[in-house]
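K.L.:
Below are the chains, spelled out letter by letter.
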Amino acid sequence: MDAVDRQLINGLQGGFPVSERPYAEAAERFGLTEDELIRRVDALLAQGVLTRFGPMYHAERLGGALTLAAMKIPAADFERVAGIVNAFPEVAHNYAREHELNMWFVLATETPERIGEVIAGIERATGYKVYNMPKLEEFYVGLRLTV
Amino acid sequence: MNAHAAEILAHAGFEAPAKLDDADRRIIVATQEGLPRVPRPYHAIAAQVGVSADEVMTRLRRMLDAGVIRRVGAVPNHYALGYQANGMSVWDVPEERVRELGRKIGGLDFVSHCYHRPRHLPDWPYSLFAMVHGRDRAEVEAKVAQIAGLLGEDDRGHAVLYSTRILKKTGLRIG
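Residue numbers (my numbering), protein chains in the order written: chain A, 1 to 147; chain B, 1 to 175.
None of these hints come from the bench; they were simulated from the model. Among the clues, some could well be false.
[Said to hold, decoys possible] Which stretches of chain B does chain A cover? Using the computed rule of at least three CB atoms under 8 angstroms from a CB of chain A, they are:
hint	segment
1	61 to 67
2	105 to 117
3	132 to 142
4	149 to 163
It should be emphasised that the depicted structure is a prediction, and the values quoted were computed from it without experimental measurement. Glycine is no exception: its CB is placed at the ideal position from the N, C-alpha and C atoms.
Using the sequences and the hints given, assemble the complete structure.
P.N.:
Spelled out as structure tokens, the structure:
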């Protein structure tokens, strides 16, 4: 990753044109050619520096639902429960975190009603309580990471 | 219903799903993994979806205006960029002050996601969540201290939950 890549990461986190030749248009801002920009974006994706390049959709406005949920799992049972939870296709992300509530996952479903069903399903399958923490209000989303 | 609950419902209404038709959905499915890296990416999508490129661009612009698309561009991987300490800071603040404080904390440039979420007493007294990113824990702790300073007496208790392991990570799947 060089200085140009850093500029691209900082400058391309939003506002990519929706136009005939968007890469050519964006490339101009960075003093690059269209071809160079495409190659660099490709390389950053291949290296895993970027996880995606394109439109970021807002799940709730697509009619789907999202929630954050947590569980309190004893260390000895953690791997088994993680396996059960991860097997639910509605579980999008799952993180181990340092806290008494030590498993935190995001559920994404096609309908709001489905969230409750999946939570009940996880509780039945694991034998542990799920703490449902849907967002009540969003104050800011969209990290502008500077590198 | 109290005023606060009404406000939350009003907000939920604002989040109501946009009206999307079949062509929109096909465009969403075709682009959720990202844009093709070719000189005319929207033409490539159009060919895949079976509508004109103008139609694809018009619909994408409409979805941007409606907030169905938050933005178009690069999504960086924090870990790969050296931001390896990601702390979920959670705050017990007075319920009637959540919105005002959330806006203040959400406006900080080192906070990515900031949400009001329900408490689960007595296990979980926290209702304001702010994700803080740093290169190491010391950097995250310093930023958390900055938040605590801003909250002052409204900080009735807080915790920082670090992720120790990714157990699963998939993109959101639509359609």
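K.L.:
Which hint numbers doesn't this structure obey?
P.N.:
3
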